[in-house]
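Since the structure of chain A is already known, use the hints to place chain B on it.
Chains as they are written, first to last, in the numbering used here: chain A, 45 to 406; chain B, 45 to 406.
Where hints are given, some of them may not hold.
Pairs count within a copy or across copies, as identical chains cannot be separated in the list.
Calculated lysine-lysine pairs in the DSS-like style (CA-CA distance at most 25 Å, straight line) [claimed, not checked]:
#: 1; residue 1: K95; residue 2: K122
#: 2; residue 1: K248; residue 2: K50
#: 3; residue 1: K122; residue 2: K149
#: 4; residue 1: K77; residue 2: K248
#: 5; residue 1: K50; residue 2: K309
Hints were generated in silico from the structure; no laboratory data involved. Since the model is a prediction, treat every value here as computed from it, not as a measurement.
The residues making up each chain are set out below.
Number of protein chains: 2
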Amino acid sequence: MALNKKSSATIRASRYANRDNTWLCKFNYSEAKGLGREIGVDRRDPSSIIKVQGIYYVYYTRSEGPSTFDRSNEKDKKFPWDFADIWYATSKDGINWEEGGCAAKRGPSGSYFDRTICTPDVLAHEGKYYLVYQTMTTTEFYTGGNERVGMAISDTPEGPFEPLEKPLFEAEKAGVLFDDEDSYNTGEFYGNCHDPFLMRNQGKYYLYYKYGSRKAEGGGPLRAYAGRDTRWGVAISEDVKGPYIPSVYNPVTNSGHETLLWNYKGGIGALINRDGPEANTVQYAEDGINFEIMSVTQLTPQAGGAYIPEDGNGHPLDGLRWGLCHVDEKGGDWNYIYRFDTEAGQADVLPVNNPPHLYRGE
Amino acid sequence: MALNKKSSATIRASRYANRDNTWLCKFNYSEAKGLGREIGVDRRDPSSIIKVQGIYYVYYTRSEGPSTFDRSNEKDKKFPWDFADIWYATSKDGINWEEGGCAAKRGPSGSYFDRTICTPDVLAHEGKYYLVYQTMTTTEFYTGGNERVGMAISDTPEGPFEPLEKPLFEAEKAGVLFDDEDSYNTGEFYGNCHDPFLMRNQGKYYLYYKYGSRKAEGGGPLRAYAGRDTRWGVAISEDVKGPYIPSVYNPVTNSGHETLLWNYKGGIGALINRDGPEANTVQYAEDGINFEIMSVTQLTPQAGGAYIPEDGNGHPLDGLRWGLCHVDEKGGDWNYIYRFDTEAGQADVLPVNNPPHLYRGE
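So that you can see chain A by itself, here it is in the shape it has in the complex:
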């Protein structure tokens, strides 16, 4: 049988391994009862979900009152994640949730977290509970300056969580620059560290975060490939409380907005949701750094956090079986939390018993 010549698509195909459907997945959505839409309250950015003595815990950004989406008055709440604190909720079944109260509060005026704390993640390890979250000062919130990651620690999942005196991690001041002009990962990446996500892996601590150009984050023009100019970095520490050293391999993705990762087989799985050429892909890195595309999906959960069971059956998507995400509605309506369930081995195609316009609720 003669060999054909290789088209561009076949040349690219050498990068896509020949797999079965193990990593394939589609997402189903349902209500997270007790965390649904509530007038006057924004709830968003749910953390990973932990289970303590049979009870599920989730942590999330919570703020009250309308958002202006306008920088003209620094006293106004600008975004749903402005003037926010970290709250928690509990559930016996992962479906019915009860808000438990404030887990971590923003700091006093002049502190590194005096404006807002938001986009939390949680790690439970050896009887301690570690919350990480993005912090902003009032000054920085209005200038788009470098943000920091804060940490608060508790002996119980309900708190009280004691914040560290200093930031856990501060974004690199300078961007990174690669010399390949045509690459999507070339250029300067300004120092920001959004959506921190803390993993324990191979005895070390991996702090993932989103970063990109300020322009991209500040509502600049969308770039090709599905959206904004964002990607993820990672900083690694021997100790959960730091210091976290940014990987010299940053950025570790070329795409992705909010961080969502899970442990699998000594490595780390990642759901790259919107933004970038690899938007809507499931990826895996044996070393937590060099991620490979494992499957392509769509309608991914936004700002999701999953329950990562310690007793999974060894399926790579065990750490993504279900979780919570948020509905971030345009026009300033109230953000709220939703549940997703991941169906492994399935691809999402067009509507079943419903015309496609219903997909968008048009």
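Just chain B now, with coordinates in the frame of chain A:
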């Protein structure tokens, strides 16, 4: 500024050019009035849309009666595209459609198109109208044998369309085999040629078609990367009536189910919808063969056909501004036709004013 080390994602990023949002797009859906759901009738696989003296024409697969989805009795209509003919509809505005009647009928018993003709496309050129469609014989329909592409020609868009005596194109009997074992485009691809799509470009005729392994098409297990094991080939001819010679570069994609392409700047744009590692991407090939990824999208139209204006304003997505697609509902409900409109420069993110479960009509 020091150079960082390149992560796997940054190495991959060298393949994603540094673009603006020109090729970015999202799809909005609405009713194609007059071609909506009708009990007892399947309408699907709309062709490209042509405009003749101010009237839009579309051609599509039409069949009547329920489908069994079962091979046990060859006299039964198995699929919505079984025992089908090609019909046409007209519209003044692209929204309100009127079914015009049968444009091309399947052939007499024993002919190469005696079982069904389906998945049409149309090309208007110099006062002639060329319909292409997939043909199947009764024998082949039940054994999964090689299919053929048929052509029928008319002097008017309403017909009568006269079928060619012989098939326009027959799939390569043998598959292609590449020597790179790890590549997604390695392996044998059985001879089939579904969803023919006929383009005129640079004075030649390009007949695109979908092909893959029989296993993939026969409902075998889904592969990773978003679905089935399908991709596109192209066969090129100097004359619209053939002979069409398969490109030695086949396959020209590594992904994609139903074909949807358009002319742009002397090259050809392609919407890769579901299936494969590059599902949900917009691509472009200057030569109609070597396609590059231009943007990433989601919720793509299924089996779509677009209106390709001759007087576009030079935007790459002019040939994808609007068109028709189908709703192929699971469980044997009636297939019907829907309209899509393409919003350029925008990425599709999660719901606006609606919870995500409405996306799927759950």
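Outcome of the hint check:
1. Taking CA atoms no more than 25 Å apart as the test, K95 paired with K122 passes in neither setting, with 34 Å inside one copy and 49 Å between copies.
2. Proximity of K248 to K50 under the C-alpha cut-off of 25 Å is restricted to the inter-copy arrangement: shortest distance 21 Å between copies versus 43 Å within a copy.
3. For the identical chains of this complex, K122 and K149 are intra-copy neighbours only, at 18 Å inside a copy versus 62 Å across copies, given an alpha-carbon limit of 25 Å.
4. When the C-alpha separation of K77 and K248 is checked against a cutoff of 25 Å, the pair qualifies neither within a copy, at 35 Å, nor between copies, at 60 Å.
5. With identical chains, the CA atoms of K50 and K309 are at most 25 Å apart between copies only, with a shortest distance of 24 Å across copies and 35 Å within one.
The structure does not agree with the numbered hints 1 and 4 stated previously, though it agrees with the rest.
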